[in-house]
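**Student:** Residues per chain are reported as follows:
There are 6 protein chains.
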Amino acid sequence: MSPSLTQTDVTVVPRFSNIATFMRSAHVPLSSELDIAISGVPFDLGTAFRIGSRFGPACVREQSRHVRRIHQTFGFSPFDLCRVADVGDAPVRSFSIRDSLALIEDHFRKIKDLEITPLTIGGDHTISLPILRGIVQHGPIGLIHIDAHSDTLDSIQGEQYCNGTPFRRAVEEGLVDPKRLVQIGIRETLFDKDDHDWAKANGIRMISMNEIDQRGLEAIVEETRSIVAERPCYLTLDIDSLDPSVAPGTGAVEPGGFTVREMERLLEGLMGVDLIGADIPEVSPLYDEGGRTGRVAATLAFDLLCLLAKAHAARQR
Amino acid sequence: MSPSLTQTDVTVVPRFSNIATFMRSAHVPLSSELDIAISGVPFDLGTAFRIGSRFGPACVREQSRHVRRIHQTFGFSPFDLCRVADVGDAPVRSFSIRDSLALIEDHFRKIKDLEITPLTIGGDHTISLPILRGIVQHGPIGLIHIDAHSDTLDSIQGEQYCNGTPFRRAVEEGLVDPKRLVQIGIRETLFDKDDHDWAKANGIRMISMNEIDQRGLEAIVEETRSIVAERPCYLTLDIDSLDPSVAPGTGAVEPGGFTVREMERLLEGLMGVDLIGADIPEVSPLYDEGGRTGRVAATLAFDLLCLLAKAHAARQR
Amino acid sequence: MSPSLTQTDVTVVPRFSNIATFMRSAHVPLSSELDIAISGVPFDLGTAFRIGSRFGPACVREQSRHVRRIHQTFGFSPFDLCRVADVGDAPVRSFSIRDSLALIEDHFRKIKDLEITPLTIGGDHTISLPILRGIVQHGPIGLIHIDAHSDTLDSIQGEQYCNGTPFRRAVEEGLVDPKRLVQIGIRETLFDKDDHDWAKANGIRMISMNEIDQRGLEAIVEETRSIVAERPCYLTLDIDSLDPSVAPGTGAVEPGGFTVREMERLLEGLMGVDLIGADIPEVSPLYDEGGRTGRVAATLAFDLLCLLAKAHAARQR
Amino acid sequence: MSPSLTQTDVTVVPRFSNIATFMRSAHVPLSSELDIAISGVPFDLGTAFRIGSRFGPACVREQSRHVRRIHQTFGFSPFDLCRVADVGDAPVRSFSIRDSLALIEDHFRKIKDLEITPLTIGGDHTISLPILRGIVQHGPIGLIHIDAHSDTLDSIQGEQYCNGTPFRRAVEEGLVDPKRLVQIGIRETLFDKDDHDWAKANGIRMISMNEIDQRGLEAIVEETRSIVAERPCYLTLDIDSLDPSVAPGTGAVEPGGFTVREMERLLEGLMGVDLIGADIPEVSPLYDEGGRTGRVAATLAFDLLCLLAKAHAARQR
Amino acid sequence: MSPSLTQTDVTVVPRFSNIATFMRSAHVPLSSELDIAISGVPFDLGTAFRIGSRFGPACVREQSRHVRRIHQTFGFSPFDLCRVADVGDAPVRSFSIRDSLALIEDHFRKIKDLEITPLTIGGDHTISLPILRGIVQHGPIGLIHIDAHSDTLDSIQGEQYCNGTPFRRAVEEGLVDPKRLVQIGIRETLFDKDDHDWAKANGIRMISMNEIDQRGLEAIVEETRSIVAERPCYLTLDIDSLDPSVAPGTGAVEPGGFTVREMERLLEGLMGVDLIGADIPEVSPLYDEGGRTGRVAATLAFDLLCLLAKAHAARQR
Amino acid sequence: MSPSLTQTDVTVVPRFSNIATFMRSAHVPLSSELDIAISGVPFDLGTAFRIGSRFGPACVREQSRHVRRIHQTFGFSPFDLCRVADVGDAPVRSFSIRDSLALIEDHFRKIKDLEITPLTIGGDHTISLPILRGIVQHGPIGLIHIDAHSDTLDSIQGEQYCNGTPFRRAVEEGLVDPKRLVQIGIRETLFDKDDHDWAKANGIRMISMNEIDQRGLEAIVEETRSIVAERPCYLTLDIDSLDPSVAPGTGAVEPGGFTVREMERLLEGLMGVDLIGADIPEVSPLYDEGGRTGRVAATLAFDLLCLLAKAHAARQR
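Chains as they are written, first to last, in this note's numbering: chain G, 1 to 317; chain E, 1 to 317; chain D, 1 to 317; chain F, 1 to 317; chain S, 1 to 317; chain P, 1 to 317.
Chain G extracted, bound-state conformation:
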């Protein structure tokens, strides 16, 4: 592996030292030398209420200092399996939703064109749409969507491109197959009684937190694997799927979410799924306490990186 792509060595360099990149990975431009590109997307103009996830990528980079090298359960380092680097942030604009979405889409199309697998830190959940536009080129893919919210509204205050709508748009645009879309952990209060009608009518499988309490997590993992099947799929993990006691730093808090242990069990249960990319949106450090949410996001991003590294390596074989 190119020496320019090695992580800073955590056994020699104190973790408080140097410029923060995602898990101490090298900070390099996009190139064909990479297998996995970690990007930030500091976009939050799709947020109707508590804005601020533009500061998410910087926070997660800083908090990822905590993560060491080897995943305890999986027993390997993704940096040993793949060439991984921090490619910086996708370009965005401070005032325009549409300009930003176009710039983000371009960034991920380049990633796709270089056959790189993307792992992304948001930014609000709107970003999943331009990411999917960038990386989905040959027909709809599957989607594992872990979230407190369904995000399948038609619009909020008339705006069709915001963090309450990305997966409706993605299905409408043929990027995601609603039959292979599973939503896990939904527990939002609703604007209107029919908020979830479109999703259900289109065959999206919505699993509420109540159902998880009743059926247990193992059954959910099983069902999820069978829904996405053995074909390519994307994973999006909204940080607000976790309980606010675990991850207070997010805009749309909904008390009553996952613990980290549950989430880790869920993600571990997805090892072997053909993941072609993943994102963690909605980390919003302004509402956080002491970087706690960023640290949880970094831990889960490391889990996802392991899943992506295995899947990427499997696709190369």
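No lab work stands behind these hints, which were simulated from the structure alone. Check before you lean on any hint, since a few could be wrong.
[Unchecked claim] Just so you have them, the derived chain P footprint on chain D, three or more residues with Cβ under 8 angstroms:
1) 47-59
2) 240-246
[Unchecked claim] For the chain G half of the interface with chain D, some residues (derived, Cβ under 8 angstroms), not all of them:
3) N18
4) A48
5) I51
6) G52
7) F74
8) R93
9) F95
10) I97
11) Q157
12) E159
13) L286
Glycine residues also receive a C-beta, built at the ideal position from the N, C-alpha and C atoms.
Use these hints to put chains E, D, F, S and P onto chain G, whose structure you have.
**Tutor:** Okay, now just chains E, D, F, S and P, sitting in the frame of chain G:
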């Protein structure tokens, strides 16, 4: 319904906008037009140690901006079932326990006389006593008391009207039937070995957190419903019944409490009970982090509002 | 005076009690019964970097509980001079700069048409433009602009309507006479060398913090009064004009600003100026500590309310 | 000196170590072995609005770890001049103003009877009354009162013994000579126009912050010394006399107060005054940021300890 | 019992009052009058990344004000079973690991020589080594080690005495029998693949959080009791074994840990084990929120005090 | 200039975006292409009490996002005068003072050998010693030392290399000429009466904050320039020289320090001095509030960068 009683429309008006009332309800004076009155009671002079719940109502109002309109599990909006409004705070005094208790009692007697169902945000737990004095007019009622503490001491430092004693007073005054009083989640360290003797001697059913861990929550819900039976009862949910990781903003923190998911399952299990009122005391934002506890309180207050709306509607039939 | 317009009585009702309005004033709709209308404008989409002043009005309302009734230096209460009320927030939209500016302008045009003097809490500094559009009807007025930043750029990232440009637009649109525009306390680092060229070329008087240190505040007060002369003018007081130690809760902090004592001396020096309105933008509680900035804003808003009440009363004579 | 009265040695024992007493002084019971007794008075039931100074003494003890041994300007250590110890907290009760005032008075009468000079950390400003009752035995004394508030109201909400009234009571009870009472730094907004009338009618000299800005601090020091003259007097320094940027941790914040440098110059100017005791009330850590206000209070308490040590030593000669 | 060893009476003295010692116990020097000595060890120079647990003992003392007198589950007070006091902090040095370890060892050897059972608050986990050196005199003992980390590395950055290595050293030095050493809750990411090899090779039983999720806590308690058997053992409870949502105030946070209810069930399951001492290291208030972690540590320290009191009393019989 | 050395363009790229380097400068290795190298030195093992400045460099990098491009008073950008880059952190070790000092010295010797001018962010004040060792090669230089503390003790707890001693060591080692060493703003309480004797005996000019209050800042600037004369000198600006209200995030807070406006006037007064390097130590974000201290440090670092750029450019002529 009178247009003056409609909630601010969450689909048009951004939730960060305008003056904060409980869940964007109308702010109106008490009148016979109302079915359910939400009040604050900013009284905390009954607090021996960590005072500050006088700031609870303002905090919960502000944090209730988060709650949308429809309850996901129940599938309805309490605002569609009943005429609900925020009637402001019960009057209190800054320096006198007795004057304040009298003023609070008056406020709730007026509510009772108008046949309104009260939902109240505290204030320390002392407030349940004047509330019960105000609304109980024909013999003792049942009481579902969710709390880390039994609150059945005779006095603290010689003071008989404080947040360690309200339910002893309520039983002594014939407001509550001890045989229909169930305490759920008790886990306090004790001042003295005999702290719980009076409660047990009077037939109060005290369920410790340990017992809940052993028997499971479903059994507790079952038993609770059978204790209060199908007659009128009141529900008081001390925010410190929750774990401090979930609800740090309270005076008498006791590590080892409920998660929000458990609490919601418990409350959902009480649908159909003949609730004639409810309160959530002991939110104390000075000890909180980022409004987190107020937000949990607002979420649970919405659950209680749904239970009260169903019960109120059932009584009108 | 209509009893519905009286402040809550601070000598009887504890200040922690009841729903927060600006300085406990009545919360009423706009009507000809009013002399002075206090509004919030929770708009912050004009913010390129640290967004969040949408939460400013709610924060200042809450913190204005601190202010009692009588101004110590002036010796009167503005509530005794004028009919003052909190008219709530101007309508805004969560996703659109242009729609929001139009809605804000409408709100202030109504205020103007009712011959009411407006006092406004932001929101980011963009809001001064639609306020001026709403209230300036007969030729350009004077402007006292207290700020760390000149806010006379042509655009930021191509956006012409944002918080770096309102006073350039206001001059271009003929709302403000640049010869009667004085900027006090400027100390920003610049994007480019020519950032201030337009302002200087148009005859705007820009007084840097350095100049204030050298000449003393008294000379500045004198000069300000002579610039705006005895004709109508508006006052806008960006909270970031204060030092971040005093007012940390704002987006574009610039260390090295005013103390509160200096600011109060400056405002007291403006008694008698023919002020037709005033605003305090850029309070951003997400960056604040314990509501401190909101409290300072409430204190200064009270000072401005006194100035406006005197000016309004003088115009009625 | 008795070895049991030595401070912990700051050159050997790390300052983060061991149980916190005021400036590492010995923790001993009251006895005739002492010259100066530092007490806490954790009483705050006299607070109408933002309660919480009951936690002041613990906070100042903890923060006094910062203070080393020798005062830089004075050039000596008060521990070398006098036998100084931390005698713990005066007894108080959680629910009763009157019981607490009686207990506090007893504590300070014992101190007086042992001919000890008291230095006290509050608690709210009510405590100055029982302290004065305890230590004034032969006719009224002088009083240097540094504060944002005059604290000479007759009552608040009908309560005559609270933190808005102690100095009116002290004058009425013949404890303080109003002609030798000077109030420095007053800047409060008023409940009513006549709030200050009683003070002025009784010959109390009230110096507003505005006047200080105009006349300069040196003139104020001069005048203060001439008012209290060379006879015994007491000093009370309300922490809210400082600007909230310096000391945010207090209940009744009033933007526009002293800097620490001004306060230190003022206190240094009082060297040689015949001080028979001093207190610092109104430190309220719940409203503080990182212990900052406690640290400022500890610094000023050290200044006062130096003044008291000199005065005590002078009286022994 | 000597009156000088009684706790401050929580039924008379408000808990916010007086100087903070562990659970209001007497603060006395080490002497043969004691059965159990609670010490702080404010040492954190063994911390590679997020230093600061030097402030742990002061924080836990302050937060232990919350704990009342009687343990609800056990039904007794340890202060009724044993003579318990706070003996202050073990001496440490600010700059030297080796000097500090020697001083700590001396402190605990004195405790052992007086036949006192020690309960200790850290400081970082390095402190368990000098504690064990001080109290283990006749061959290796058993060890119950509850932690997110195994702490059995050989060195970090070449330093053999730090918080990643104490139990490797303790086994090598013959202080602990690796066959009677059980590690509960391990879930760290690893520096290197072989981080746990030494522990496993030496027969240490390492129970990961994953295994606990699968087998349930009861099985773990059972196995733990059988590993340490009925012979003397020590218990060390790293506060980072708890989930960061419960105990954020620690250096090496690892999302996905114990809840307090699980930890209490685990500790209650150890009643009757022959514990000869216990410690709670790694409380680091600089990373905490509102003293929350210190409060949990105080709660668990009370649980441990009950276990130690029973064991100590049993050994006296 | 090499394109690889350009700052990120603040007019196009939102300031919240991308990886944080000092003022958006390029992150490159040390090379002869540079004129000015900005380094972090995350070393804090020289701290006796409140450790944590190891996190200073990361904090200042993050907060330097605020600074735009052009200095308002100086009217130029240092990036237009010199080739400036962020060269990352000097290597340090987590456990060893001596190893770290050697590594830091090496880093700065390389800088010196490449004829680069260093600007450094600490780390505790110990770091000035190895920096001076690295860059002073031909006899003692002058030193402008702005600080609350003299830092000229012989040792603390026996340690000669810590943050209380660097300038004594630097004079003893012939790196700094005590006759050209001026200390500005000293106001510490002292461990012992003789703490300042060595400094005074060696001809160091120590200017207390009291003296500054009496003589005014202009006289101090004048005297400083005449002390260091027109020969090479270094500037070290301890962040604790500022008042804690301005810069709370530091270990050894001393209430009563500089305002930012005073500090900026002081630094502006030093334009033209032959500065060969500068550092800002003691930023300690663990004690900070919302990044405020880091932001002030970034602002002052920008001032220093301007001074260094002018001086460097002057030396090239």
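**Student:** For every hint, state whether the structure bears it out.
**Tutor:** Here is what the structure says about each hint:
1. By the rule of at least three residues with a Cβ nearer than 8 angstroms to a Cβ of chain P, the coverage given for the stretch 47-59 of chain D holds, with 3 such residues.
2. Chain P is given as covering the stretch 240-246 of chain D, and this holds because 3 residues of the stretch bring a CB closer than 8 angstroms to a CB of that chain, at least three being needed.
3. The beta carbon of N18 (chain G) comes no nearer than 25 angstroms to any beta carbon in chain D, farther than 8 angstroms, and the hint placing it at the interface is violated.
4. At its closest, the beta carbon of A48 (chain G) sits 4 angstroms from a beta carbon of chain D; the interface hint therefore holds under the 8 angstroms criterion.
5. Because the beta carbon of I51 (chain G) sits about 5 angstroms from the nearest beta carbon in chain D, less than 8 angstroms, this interface hint is met.
6. Interface hint status for G52 (chain G): upheld, as the beta-carbon distance to the closest one in chain D is roughly 6 angstroms, under 8 angstroms.
7. For the restraint placing F74 (chain G) at the interface with chain D, the shortest Cβ-Cβ distance is roughly 37 angstroms, beyond the 8 angstroms limit, so the hint is violated.
8. Evaluation of the R93 (chain G) hint against chain D yields a held restraint, the C-beta minimum of about 6 angstroms falling below 8 angstroms.
9. For F95 (chain G), the shortest C-beta to C-beta distance to chain D is roughly 4 angstroms, which falls under 8 angstroms, so the interface hint holds.
10. For I97 (chain G), the interface hint holds, since its Cβ comes within 8 angstroms of a Cβ in chain D; the closest pair sits about 7 angstroms apart.
11. Taking 8 angstroms as the C-beta cut-off, the interface hint given for Q157 (chain G) holds, the closest approach to chain D being about 6 angstroms.
12. With a cut of 8 angstroms, the hint placing E159 (chain G) at the interface with chain D holds, because the nearest CB-to-CB distance is about 4 angstroms.
13. The beta carbon of L286 (chain G) is positioned within 8 angstroms of a beta carbon in chain D (closest approach about 4 angstroms), and the interface hint is therefore held.
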